[in-house]
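Q: Residue numbers (my numbering), protein chains in the order written: chain A, -14 to 326; chain B, -14 to 326.
Since the hints were made in silico from the structure, they are not lab data. Any given hint could be a false lead.
As the list makes no split between identical chains, a pair holds if one copy fits it or if it spans any two.
Taking lysine to any residue pairs in the SDA-like style, the calculated list, with each CA pair at most 25 Å apart, reads [stated by the list, open to error]:
no.: 1; residue 1: K34; residue 2: N319
no.: 2; residue 1: K192; residue 2: A167
no.: 3; residue 1: K192; residue 2: I242
no.: 4; residue 1: K192; residue 2: T233
no.: 5; residue 1: K192; residue 2: G(-4)
no.: 6; residue 1: K38; residue 2: R20
no.: 7; residue 1: K320; residue 2: P59
no.: 8; residue 1: K192; residue 2: Q236
no.: 9; residue 1: K192; residue 2: R239
no.: 10; residue 1: K15; residue 2: Q226
no.: 11; residue 1: K324; residue 2: R312
Protein chains: 2
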Amino acid sequence: MTYRQLIARFGTPAAALQAVPDLARRGGGKAPALRSRSDAEREIAQVDKLGAKFLSLGQGLYPRLLAELEDAPPLLIARGDLTLLDRQAVAIVGARNASAAACRFARGLAHDLGQEGLVVVSGLARGIDSAAHDGALDTGTIAVVAGGIDIFYPPENEARQTALYERGLVLAEMPPGTEPRARHFPYRNRIIAGIASATVVVEAAPKSGSLITARLAAEAGREVMAVPGSPLDPRAQGCNQLIRDGATLIQGARDVIDELRPMEARVASSPSAFEPAPAEEPDESLLSTIESLLGPSPAPVDEIIRLSGASAGAVQMALLELDLAGRLDRHAGNKVSLKDA
Amino acid sequence: MTYRQLIARFGTPAAALQAVPDLARRGGGKAPALRSRSDAEREIAQVDKLGAKFLSLGQGLYPRLLAELEDAPPLLIARGDLTLLDRQAVAIVGARNASAAACRFARGLAHDLGQEGLVVVSGLARGIDSAAHDGALDTGTIAVVAGGIDIFYPPENEARQTALYERGLVLAEMPPGTEPRARHFPYRNRIIAGIASATVVVEAAPKSGSLITARLAAEAGREVMAVPGSPLDPRAQGCNQLIRDGATLIQGARDVIDELRPMEARVASSPSAFEPAPAEEPDESLLSTIESLLGPSPAPVDEIIRLSGASAGAVQMALLELDLAGRLDRHAGNKVSLKDA
Chain A
-14 MTYRQLIARF
-4 GTPAAALQAV
6 PDLARRGGGK
16 APALRSRSDA
26 EREIAQVDKL
36 GAKFLSLGQG
46 LYPRLLAELE
56 DAPPLLIARG
66 DLTLLDRQAV
76 AIVGARNASA
86 AACRFARGLA
96 HDLGQEGLVV
106 VSGLARGIDS
116 AAHDGALDTG
126 TIAVVAGGID
136 IFYPPENEAR
146 QTALYERGLV
156 LAEMPPGTEP
166 RARHFPYRNR
176 IIAGIASATV
186 VVEAAPKSGS
196 LITARLAAEA
206 GREVMAVPGS
216 PLDPRAQGCN
226 QLIRDGATLI
236 QGARDVIDEL
246 RPMEARVASS
256 PSAFEPAPAE
266 EPDESLLSTI
276 ESLLGPSPAP
286 VDEIIRLSGA
296 SAGAVQMALL
306 ELDLAGRLDR
316 HAGNKVSLKD
326 A
Chain B
-14 MTYRQLIARF
-4 GTPAAALQAV
6 PDLARRGGGK
16 APALRSRSDA
26 EREIAQVDKL
36 GAKFLSLGQG
46 LYPRLLAELE
56 DAPPLLIARG
66 DLTLLDRQAV
76 AIVGARNASA
86 AACRFARGLA
96 HDLGQEGLVV
106 VSGLARGIDS
116 AAHDGALDTG
126 TIAVVAGGID
136 IFYPPENEAR
146 QTALYERGLV
156 LAEMPPGTEP
166 RARHFPYRNR
176 IIAGIASATV
186 VVEAAPKSGS
196 LITARLAAEA
206 GREVMAVPGS
216 PLDPRAQGCN
226 QLIRDGATLI
236 QGARDVIDEL
246 RPMEARVASS
256 PSAFEPAPAE
266 EPDESLLSTI
276 ESLLGPSPAP
286 VDEIIRLSGA
296 SAGAVQMALL
306 ELDLAGRLDR
316 HAGNKVSLKD
326 A
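Excised from the complex, chain A in its bound form (with noise of 0.2 Å):
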């Protein structure tokens, strides 16, 4: 949200990496330490050697879906058909400890939907995210990463992974070479729930990784449909709750397709979602009136804004300082919070 926000106000990242500095330390901080022209250009290379690309947020080849996100990443690094990108995706995801059943679901679904011509977008997990991946490695499948587009995981899936590279795509947010770590995931769900129209879930518990996939695809304005299962099978529960909290009840390719439909039409006509709006300078008084809006809690940035009585681009221009200064939190739903000093 930095980087969109950086762009808005500055045009180009050449002029915002400029500015950073100064506006760090207007909002009470240190300027950011921002890595080297030298360490940018070793990056750039090693992803050409991978075989893989860069896609810019706001440039041609970026997920058009994607860039709706208010936090949609500045950068993939993609390797493998980047054609898959253009058309209609689904994204497939559930349990790493699925059943045999539900897994065979996934691939059924899974392969059903590529014959229909949609992309099927999944985490190259084990369980159900593997199967999905299987069902549609003919027709058009793309997997996110959590960690470097380099980094086979988990290693049993080097063959999978390989095998996107080669006839599917993959697709990492974080610089080649990165393991994943726990706190990589939840970055990485929001990809998959953005590049996609839906997000079908298969088999997740309550608590589980799925659902926030599933929570990233509902905030984004996209369709949650859910398989059901035994209320007697743990593994159903987070499901069944999805359908309880309004998830679509899928029983199989049909059912999904018979939703997406009205989809189409808002993805065609939908514009981008990457225009720089109007900045504006805060004064240091504003900042000050924000700083002492703000707390340890997260805030609605609407709330912040109506309290301050300032503008809405004022108040974006001075919470924008203090992110830069590393004094504040961004959290979902557009809220945002001051860091413990």
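Once you have looked at the hints, place chain B on chain A.
A: Then chain B, alone, in the frame of chain A:
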């Protein structure tokens, strides 16, 4: 419905019985064969000897929610604990060939609902119905049977049915001695749905009798709930479809009770549906107008009223006359058609 309209027109069963031959003649048919007084007295004696009671529509012991149905049975025969009719009830229905897991779920759900003070209603069939009665035997359960109150059906449920006479309640619409036939089951199902505030379907295949009960419950304005299952299990597909169509997904008693709360208020405040409406004599020309508006396909009574240009009361009387003359078929959703000549 005919009974209810006759009472609305003539006030008492005795006055209605006297009027029937004349009404039928006006409707263009022969007077229907009415049972003789001695037949009726024999049936009353038989019911008495079985230790059962008659419950009459419009009188005190008759189930209040059932009386709201436009096609509520004029008479029910009841054997067992009549106080169960005073408590809020939930129907649990499902497949006769249900899986062991689903039967276990139904028994547990019935038990838990019973612990919350709810009476469990079902149809004493094999599978889910039997499990539901078993789970609620200690707290209160009502079986509605398709045949006579004294007929053990299915035969292997003799011990269960006997236990229900002693510790629960059995209801029948058909006279004693009636062997249940296929056509009786939908009538039985409307009583199950009509007694209960909510109907929960546990494992039901598409096009099964349990889905008829669910439809009748929805038509009566009651809550419809369903227990989901894997799409790979054909026995779950009916329930899954119900949920897709708007039924509440249920994972346990808590989910049922959460949906019922607002219902309680409705039940307490709903007026008796058994209120005689003012009736009007239709003239001969209206009768022929209505005959010409009717055909072999079911048409909504509201539409007939509108097209006839006559009052609702006059049209209802004309339909009643056609009905008593054996020339009218009544269908769900307040639709009527002319019988083939």
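Q: Run every hint past the structure and note whether it holds.
A: Verification of the hints:
Taking CA atoms no more than 25 Å apart as the test, K34 paired with N319 passes in neither setting, with 38 Å inside one copy and 73 Å between copies. In the homo-oligomer, the alpha carbons of K192 and A167 lie at most 25 Å apart inside one protomer (15 Å), although the nearest pairing across protomers, at 47 Å, exceeds that limit. Taking the shortest Cα distances, K192 and I242 sit within 25 Å of each other only across copies (24 Å), while inside one copy they are farther apart (27 Å). In the homo-oligomer, the alpha carbons of K192 and T233 lie at most 25 Å apart both inside one protomer (19 Å) and across protomers (21 Å), since each shortest distance falls under that limit.
In this assembly of identical chains, the alpha carbons of K192 and G(-4) never lie at most 25 Å apart, being 40 Å within a copy and 61 Å across copies at closest. For the identical chains of this complex, K38 and R20 are intra-copy neighbours only, at 20 Å inside a copy versus 88 Å across copies, given an alpha-carbon limit of 25 Å. Taking the shortest Cα distances, K320 and P59 sit within 25 Å of each other inside one copy (20 Å), while across copies they are farther apart (61 Å). When the C-alpha separation of K192 and Q236 is checked against a cutoff of 25 Å, the pair qualifies both within a copy, at 23 Å, and between copies, at 16 Å.
Only between protomers do K192 and R239 lie at most 25 Å apart by alpha-carbon distance; the minimum there is 19 Å, versus 28 Å within a single protomer. Taking the closest pair of Cα atoms, K15 and Q226 never come within 25 Å of each other, the shortest separation being 45 Å inside a single copy and 58 Å across copies. Proximity of K324 and R312 under a CA criterion of 25 Å is satisfied intra-copy only: 5 Å inside one chain copy versus 80 Å between copies.
The structure is inconsistent with the numbered hints 1, 5 and 10, although it conforms to all the rest.
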